[in-house]
Structures are given as structure tokens and as C-alpha cells.
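Colleague: In case you want the letters, here they are:
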Amino acid sequence: MPITLSHVSYVYQPGTPFEWRALDDVSLEIPDGQFWGIIGPTGSGKSTLVQHMNGLLKPTSGEVLVDGVNIAQRGVDLKQIRQKVGLVFQYPEHQLFGETIYEDIAFGPRNLRLDPREVDRRVMRAMELVGLDPSLKDRSPFGLSGGQARRVALAGVLAMEPRVLILDEPTAGLDPRGREELLSLIRTFPGLGMTVILVSHSMDDVASLADHVVVMHRGKVYMQGSPSELFRRKAELESIGLGVPAAAELADRLRRCGWPLDEGIVTLDQAVDAILAALGKGGTRK
Amino acid sequence: MNLQALTIGQYYPGDSVVHRLDPRTKIIAILIFSIAIFLPKGWPGYAVLAAACVASVLLSQVPLRFILRGLRPILLLIVITTLFNAFLTPGEPVFSIGSWAVTREGLRLSAVAAVRLVLLVMVASLLTLTTSPILLTDGLEQLLRPLTPLGVPAHELALMMTIALRFIPTLTEEADRIMRAQAARGADFHSGNLLNRARGLIPVMVPLFVASFRRADELATAMEARGYRGGKGRTKLRELRMQTADYITLALLALVVAAVIGLRVTGLG
Numbered sequence: 001m002p003i004t005l006s007h008v009s010y011v012y013q014p015g016t017p018f019e020w021r022a023l024d025d026v027s028l029e030i031p032d033g034q035f036w037g038i039i040g041p042t043g044s045g046k047s048t049l050v051q052h053m054n055g056l057l058k059p060t061s062g063e064v065l066v067d068g069v070n071i072a073q074r075g076v077d078l079k080q081i082r083q084k085v086g087l088v089f090q091y092p093e094h095q096l097f098g099e100t101i102y103e104d105i106a107f108g109p110r111n112l113r114l115d116p117r118e119v120d121r122r123v124m125r126a127m128e129l130v131g132l133d134p135s136l137k138d139r140s141p142f143g144l145s146g147g148q149a150r151r152v153a154l155a156g157v158l159a160m161e162p163r164v165l166i167l168d169e170p171t172a173g174l175d176p177r178g179r180e181e182l183l184s185l186i187r188t189f190p191g192l193g194m195t196v197i198l199v200s201h202s203m204d205d206v207a208s209l210a211d212h213v214v215v216m217h218r219g220k221v222y223m224q225g226s227p228s229e230l231f232r233r234k235a236e237l238e239s240i241g242l243g244v245p246a247a248a249e250l251a252d253r254l255r256r257c258g259w260p261l262d263e264g265i266v267t268l269d270q271a272v273d274a275i276l277a278a279l280g281k282g283g284t285r286k
Numbered sequence: 001m002n003l004q005a006l007t008i009g010q011y012y013p014g015d016s017v018v019h020r021l022d023p024r025t026k027i028i029a030i031l032i033f034s035i036a037i038f039l040p041k042g043w044p045g046y047a048v049l050a051a052a053c054v055a056s057v058l059l060s061q062v063p064l065r066f067i068l069r070g071l072r073p074i075l076l077l078i079v080i081t082t083l084f085n086a087f088l089t090p091g092e093p094v095f096s097i098g099s100w101a102v103t104r105e106g107l108r109l110s111a112v113a114a115v116r117l118v119l120l121v122m123v124a125s126l127l128t129l130t131t132s133p134i135l136l137t138d139g140l141e142q143l144l145r146p147l148t149p150l151g152v153p154a155h156e157l158a159l160m161m162t163i164a165l166r167f168i169p170t171l172t173e174e175a176d177r178i179m180r181a182q183a184a185r186g187a188d189f190h191s192g193n194l195l196n197r198a199r200g201l202i203p204v205m206v207p208l209f210v211a212s213f214r215r216a217d218e219l220a221t222a223m224e225a226r227g228y229r230g231g232k233g234r235t236k237l238r239e240l241r242m243q244t245a246d247y248i249t250l251a252l253l254a255l256v257v258a259a260v261i262g263l264r265v266t267g268l269g
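Quick mapping for you: the protein sequence lines, in order, are chains A and B. Following our numbering, the numbering of the first sequence begins with 1 at its first residue and continues without gaps. Following our numbering, the numbering of the second sequence begins with 1 at its first residue and continues without gaps.
Chain B extracted, bound-state conformation:
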């Protein structure tokens, strides 16, 4: 079992235009893009969105296989929705298997669903691939801050996310080490029935929990020793500042959305 591959999470370090964008720009852009995905009524609209998506991927200089890796988990989902849509949508039959008919409307719907899913996952993975977890939480905190008076604990949420993200690699490493150590004592995590395998995890989970509690305790002490008192009055080492590239990105996004809406209104797509 190779947990090492998981260690770094999604982030693909780089120095492209997309990497350097303000995380807030990227988060907002992806939110808007995700909504825009549901606007088109025909192919020209999707073509515009797909072009924008492909252009961003190219600009990010992230190798295509990293983007495709993100698509792998949703492959099954696409296959299932395609089958359901193709067979169960009423309409003009194209061909049939036994008493099951595939309809033209069904095929159209399947294609639309597949394109939507692929675009959605592509932009989402582009965000996590080009934005380090720390910047991502920074961006989220800034975006949530206006909601603080409404009782949204923006700083605390961001801190929790940062800590969780920070410790994912540590814990996977720890789990990996414990599994190796138990394997060295003849533990076998890969064979036997489900019950035996589940029971086989006890020697991994117990030390992992013990280690997590110890770490949490140490972290809390270390934070207190350095005078941590929550988010109030706290300044940032790296202030987020919108650059020209951010405004250009948002302007381009506005253009894309305008085009999609225009196509929809004029009935072209």
C-alpha cells in the first residue's frame, strides 16, 4: 500500500499565472463558473465554457495527467448517469436492446450531464492543484470574514481547516509507519475476509489515535505558549492583495458568462 502518494494531497507546485492568482479570485471564479455550467441550452454555450476551462488548464502548466487523475473517481458516476439517462428518458427511439430503447433525448441528456460533470470536476481540481492548502484557507477566511457579525466563526473555521490540512500528511505518514512496523511483526492487511481485515486495522488505529491526541495536546500547548488567543486583532504574514492579473481574470470570466447568457437568450445555445 502506498500512502506516500497521498501525502502531498492535491497541490501541484508551480509558478504559472494561475498559481499566482489570488486564492479569492480563484474561489469566486470557480463558484461563478460552476453556476454558469448550468446555463447553456445548447452546444455553443458548452463550447464556450469548455474553451475557457481548457485555456485555464493550459495556462496553469499542470500536466494533463494530474487533471485526468481527478476525473477518474467520477468515471463510474458518469457511466451510471449516462446509462440511466439514455434508457429512461422518454422520446424518439434511436435503437433498442430487447424491450429497452435508447432515445435521442436520452442521449442528449446523457451527453449534457457528462459534459457538466467533467467541466465541474476539472475546474475544481484546477483550484486545488494550483492553490496551496494554506492559501486556500486564507482565501476562504477572507471571503467568509464579512459574515462574522452573523455568527460565522470565519477565523476559527479557517484555523481548523489549516490544522486539519497541515496534519493530513503527518497522519498518513504516521499511519504508513505504523503499518510498516506491524507488517514487520507479521501483520497482513491485504488478505482474509472483511471482518478479519477490519480487525487487522486495530493495531494501526490504536497507535494512530494515541499519536493524534498527543499531537493535538502538544499543538495546543505550543500555541498557548506563543500567546494565541483567537482571531481578534491577529495580523497576517502574507496579506492577500488583488493584482492586475486578478482583475483581468475576473473580467474575462464576466465575458465568458456574458457570452453564455447571450447565447441562451438569443436561443443559439
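Here chain A stands alone, though its shape is the one from the complex:
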């Protein structure tokens, strides 16, 4: 189920002194089954961009096609689009409201008017997917730790069984361990047949997970490509206030000291392998 954006622009509060062009002529084509990363500094239009993909926002100009359907067309069933394209907002645990965890996760499936047995199946599956113990289902979501609450919110979207899952800054505000756990959870989603779109300003998160990265800057697509392609263009990234992943930075500095390391190292594992290989060759330091 591909998502196509062509020449999409979005203006907040047009015609007032607060007018703000959040997206400016953005064209993207997101094919099925890929893991995409969208990065960019604060205010670069990332969140605005992803809200177009499930029809929460409609472009001021340009076109958004979800599975061939124009989301701005009159009479389009937005509920159906939102079922297909799940969006997990920033700090999704702030949107929990259910008396119990079960009730909260069931909110989405019930809005789809599924029968109670199907709702039940989806809730239990979603809880399992995010690693929540089934015994928690009757607890209140408000007593949970930050990381656990976020899993509940994530399950609430997964229970819609979307084919595209968009995660907006899913690790914001989590401690390093919670972050690591959540990222390894997200890593399993493409295996479930979902297209995953990860919005982040953390290069490290995106580098280790995404097949394709879009860099946003001032509402425009600044560059896009595979992580190793992008992180080779370090100077350009740094000029808009983004860095490269720590492993790429390390490899870059070693290379400048004369280590024979490949270009395009983006993850820690790749860096470790490359450095070991280089040492095996005798650690040719000049």
C-alpha cells in the first residue's frame, strides 16, 4: 500500500500575521514494506508531513495519495485510511484515557465497529506485540511507568492492525534502557508485514533501523537516500544542525587519522567489524 505525496505544501493560519509555511513542495514516494526514517531539526515540518499521510491534515496545495486514494477528495472514508495508516504521536501516553489498559487499547478497534471477539483478539495480540503481560489488562493505564504507558499507547495503534505504521519521536523522554527496548521492538514490525516510518531527530536511532532516510529542513526535502549515502555528506548535515551517528563520526575521525575504514559505516556493529578488520590487517597507523 504505497503512499505518494506530490508537490505538497501546507500553510498554518494562512492570511494572518501568524502564517507559517510548514511544508513547501514536498514530493515523496513510499513503497510497500520499507523502513523509512524522517529526520530534521525542530520545526522542519516532520510532524506536519506525517499527519498528511493519514489525512489528519490536508495539503494547502499538492496531492497525497494513500493506496491510490486522494485523501483530500470529497467523500473519502478517512476512517478507513486511518485504519490502514496508523500514527503514533509524540508522547502518546499523554493521550491515554481508558479506565483500564484493555479499554484504552480497545478504543481503536471499537471505532472500527468490529465485533467484540475480534476486538478482544486484537487487543490481546497488540499487548503481546508490545510485550505487555496479559495480566496487566485490567489495571489502570495511569499507574504505569513512562515506558510501560508508552507501550500501551503503541498497542492502541497496533490494535487497528495498520499496514503502515508511523511513529513520531517514539523514544522522546525515555531513559537509555527504555529507548533501547522500544527500538528493538520497532525493529520487529517490518517482519509483521508493516511499512514503518520513523520520525526522529536522533541520527543514531534512524541510522540503525531505516532502509531509506528523508532529511527535512525548513519544510523542504533537504536530501534523501540510504543511511550510508546520507551520512557521507556530513558537512551538509551539520550545516542544518544535524550530526551523523556516533559510529559514523568515529569511523570518519579514524579514517582521517589514516585508518583504512570503509565509507558508509553508520551503525555501531559495522564500526566494530570494520575496526576489528583493520586491526587484523595490522592496524596500519601512519
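Only true hints are included.
Derived DEER-like restraints, expressed as beta-carbon distance ranges:
no. : chain 1 : residue 1 : chain 2 : residue 2 : range
1   : A       : Val11     : B       : Ala111    : 37 to 43 Å
2   : A       : Asp120    : B       : Phe209    : 26 to 32 Å
3   : B       : Ile163    : A       : Glu63     : 41 to 47 Å
Simulated from the structure, these hints should not be mistaken for laboratory data. Just so it is clear, the structure is predicted and the values come from calculations on it, not from any experiment. We treat Cβ as the ideally placed atom computed from N, Cα and C, and that holds for glycine.
Assemble chain B onto chain A, guided by the hints.
Modeller: Chain B in isolation, oriented as in the chain A frame:
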């Protein structure tokens, strides 16, 4: 639903003479003007007031459509009062629909009521359009301060207003975000009967309340951490000072009021 448009409230940022006036001047001027609106007995009086009002609007450089937007909510009120006044005032009939007669006195009364309402709302919106909420509360606090010995908690009232105003945009943004998030899970806020719609708001209200309490708690802690102990002995970052323009404004206002009273006394209007 576009809550974004509400976010900024009424204020229209600018740097006109009217924007730069001391908020106290503006508040007092509008109070006096509102009383003056009820003085004239004829059209010349209203013409003077309307001229003053239009002049202030022009000086403020606020686009006319922002002023007119403020009038939209009272349109219905004007229509209803006009109908009531026109039909129910006894007097000389002008024309009639069935057994209902529109009287000359009725038409006059309707027109007067409409003009009063429009002028009142225009000056009131001019105040909120040209004065930032912070300055507005500052001005109110200063004006209420003389009443402190009488038990009016001027500082606390102003603080409450400031906090409330400060958090309106935050809360509308929060509500907007929550509504989007629930809409992303298939919530529908725009269809169904009233009961269903009301029930549909639960997933918005609960997180909104939770967030408000969390914010209130954080704010209280942050204020205490910075040594807030109430209004006593507290100084201001921006002291309000009356400028020449303020005195000129008040003098002009006095002239307008004098003219209106003069017209009334001489029986011209």
C-alpha cells in the same frame, strides 16, 4: 476542526499609537466610552461617538476584518432585538405584516440599540486586539491596587488571569493534539447524535484534565522553586508609565464626552 485559529486569542500584534498606549489608559477610556454610549438622545451624539470609534480603529492599523470578526457573534443578538423593538414598541405604525405593526418609535429604538451594541463591541474588541494579555492584566492589577485595603486581592486576581490566559493556547494546542491522536485511532467528533458526540469527548477530556493537573502541579513547584511568595514587595519587569500620548488620549476622550453631554443638554442630540 481548526483550534489553531483560537490559539493566539484576540491579540493582533502591531506597533501603532493605540498599541503603545498604556493599558490603564485604554481600560479607563473604554469604561468611560461605554458609559458615554448611553448618553446621547439623538443622532448627532452618536455621530460624535462613532467618529471617535472609527478614528481609533484607523489609528490602530488593525485590519477591518479583525474588528468585524468580533461583531459576528452579536449579529444574531442585534437581529433579535431589532425584531422585538420594531414590532413591540407602541406608536405610530409605518407598515404592518398581518396584525403586527412596525412603528416609527420601534424602528428608532432598534436603530439606537443596534448602534449602541456595535459601538460597544467595537471598542471592546479594539482593546483586546491592541493590548497583549499580559499588559491587559498588568493594567487591571494597577487599577485594582487602590482597592487592596478593602480586601480586593488585586495581585492574586491578576496572577490568576495571567496564568489562565497563558495556558489557553497551551491547552487548545493540547486538546488539538489529543483530538488528532484519537482521530488517528478512528474517533469521530463530527457525526452521530448529541449523546454520542458528548460521549466521544471523553477520550479528549480525560487526557486534557490529566495534563492540566500535571501542568498546574509543575507550575506551582516551579514558582515555589523560584521563591514566589505572593504579591507583597514584588517589583515589575516592565513598569507601566503614562506617556504624553496617554494624556492626549484622555484629553481627547474628555472632549468627546463633553461634546456628547453638550449635545444632550442643548437638546441637539
